[in-house]
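A.B. asks: One-letter residues, chain by chain:
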Amino acid sequence: MSLRCVGAALAATVAISGMACAGATSDLPSSMEAVVCVRELTHKNYSAMDDWLTPLDVPQPEKRQVLIKVVGSSVNPCDVDLVKSFEAMLARAFHKTLGFDVSGTIVAVGPDTDGRLKVGDEVWTDLGEMGLSSTEKIVEMGA
Amino acid sequence: MISFVSHHIRADDVGAFAEYAIADERQVGLKPKKLSWAQAGVVPLVGLTNLESFYAAGAPWFDKSNVTVVVTSGQGGTGHIAVPMAKALGATTVISTASTDNVEWVKSLGADVVVDFTKETVWSTLPDDSVDVVYDNIGLPGNADAAMKALRVGGHLVMIQGDLSEHPKDGVSQTRILCKADDYRKLDTIAAMVDAGNISDVRVQNTWPLAQIGEAYNEQASGSVVGKVAVSIGSPPNATVQ
Numbered sequence: 001m002s003l004r005c006v007g008a009a010l011a012a013t014v015a016i017s018g019m020a021c022a023g024a025t026s027d028l029p030s031s032m033e034a035v036v037c038v039r040e041l042t043h044k045n046y047s048a049m050d051d052w053l054t055p056l057d058v059p060q061p062e063k064r065q066v067l068i069k070v071v072g073s074s075v076n077p078c079d080v081d082l083v084k085s086f087e088a089m090l091a092r093a094f095h096k097t098l099g100f101d102v103s104g105t106i107v108a109v110g111p112d113t114d115g116r117l118k119v120g121d122e123v124w125t126d127l128g129e130m131g132l133s134s135t136e137k138i139v140e141m142g143a
Numbered sequence: 001m002i003s004f005v006s007h008h009i010r011a012d013d014v015g016a017f018a019e020y021a022i023a024d025e026r027q028v029g030l031k032p033k034k035l036s037w038a039q040a041g042v043v044p045l046v047g048l049t050n051l052e053s054f055y056a057a058g059a060p061w062f063d064k065s066n067v068t069v070v071v072t073s074g075q076g077g078t079g080h081i082a083v084p085m086a087k088a089l090g091a092t093t094v095i096s097t098a099s100t101d102n103v104e105w106v107k108s109l110g111a112d113v114v115v116d117f118t119k120e121t122v123w124s125t126l127p128d129d130s131v132d133v134v135y136d137n138i139g140l141p142g143n144a145d146a147a148m149k150a151l152r153v154g155g156h157l158v159m160i161q162g163d164l165s166e167h168p169k170d171g172v173s174q175t176r177i178l179c180k181a182d183d184y185r186k187l188d189t190i191a192a193m194v195d196a197g198n199i200s201d202v203r204v205q206n207t208w209p210l211a212q213i214g215e216a217y218n219e220q221a222s223g224s225v226v227g228k229v230a231v232s233i234g235s236p237p238n239a240t241v242q
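Going down the list, the protein sequences come from chains A and B.
Position 25 of the first sequence, counting from 1, maps to 25 under the working numbering, and the rest follow consecutively.
Position 39 of the second sequence, counting from 1, maps to 39 under the working numbering, and the rest follow consecutively.
Each hint can be trusted.
Between beta-carbon pairs, the in silico distance windows are:
id	chain 1	residue 1	chain 2	residue 2	range
1	A	G120	B	G197	24 to 30 Å
2	A	P55	B	V113	47 to 53 Å
3	B	S124	A	L28	54 to 60 Å
4	A	G120	B	P141	47 to 53 Å
5	A	T54	B	G197	40 to 46 Å
6	A	N45	B	F62	46 to 52 Å
7	A	D51	B	E120	39 to 45 Å
Derived SDA-like pairs: lysine to any residue, alpha-carbon spacing no greater than 25 Å straight-line:
id	chain 1	residue 1	chain 2	residue 2
8	A	K84	B	S222
9	A	K84	B	V204
10	A	K84	B	N218
Rather than coming from a laboratory, the hints here were simulated on the basis of the structure.
Every residue gets a Cβ at the ideal spot worked out from N, C-alpha and C, and that includes glycine.
Taking the hints into account, I'd like the entire structure generated from these sequences.
C.D. replies: Written out as structure tokens, the structure reads:
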């Protein structure tokens, strides 16, 4: 498992508090519900995940980021792999919020964005990591 | 040994199963208006995976006259988007598979031939050296070797899970794809296919609220999902644009 990944996660955790937004709706709550990977699943019954719903601070968008109010998502095969596999350790270690697919609306825009996306836009996205080539990803997934 | 999750994990703690999510602006596209919120929430990851897989197999194929593409499991979450996408990218003939009850539906998605996988494998129906592309989104043991027999020289095998062939055919490429969520223009390409009516039947088998995420996982893990398992998280806000 790559140490680069660990370092990036720590940096992101530290940086996420207290950033100013370039633009936002006025009525954002301060906390939200999220499904956070909190422990290992001991057998292939995922019902225990219902207890993983966790209150978190609503994050604020940093440089080149947007905040999306999520309306829809889905469970993909890789979402299942993530909580039943070796990689689940990585996710648990950082109390990762699960899930990749998003449909929703933009409610805040961070600094230094290019102006293409605005508050109120109806959007969709896959929240996979940016910037790793397939080969790098395979290496990072390797034991 | 390589241990796979068939997608990459973010290095930070942000995810989609939450009322609010952070995204990099470069990975966010405008939702196609023809899709409901639930439908739009099930497409991005599988859609991007399909698109990158077809690009790896030489798509778009409009400059070629007769391109035959095999898409395994046309009724699954990945496959039911891949079948019409292959057509939209210029495939002449799409061959897919489904269970008995879903054969006609997968044909309606655009497949020219649909093999009932409860009766025979798609591989048993394919003459040697007869297809140009195999996009295997299932990766059952033996699939890659069977696909190699069916592929003709110049062809491409693309897999998103399972093992590549240990006996590749000379002149046939094989690739394993992990999709990158780094460019909204790929989402725009998929949105254009939706707007044009090429991808029109996004099937949501079931929708679960965030508080029952475990049941959504149980359903996905059952391995028999037709279409996608959706998660309903919030209602769209009233347009309170500042």
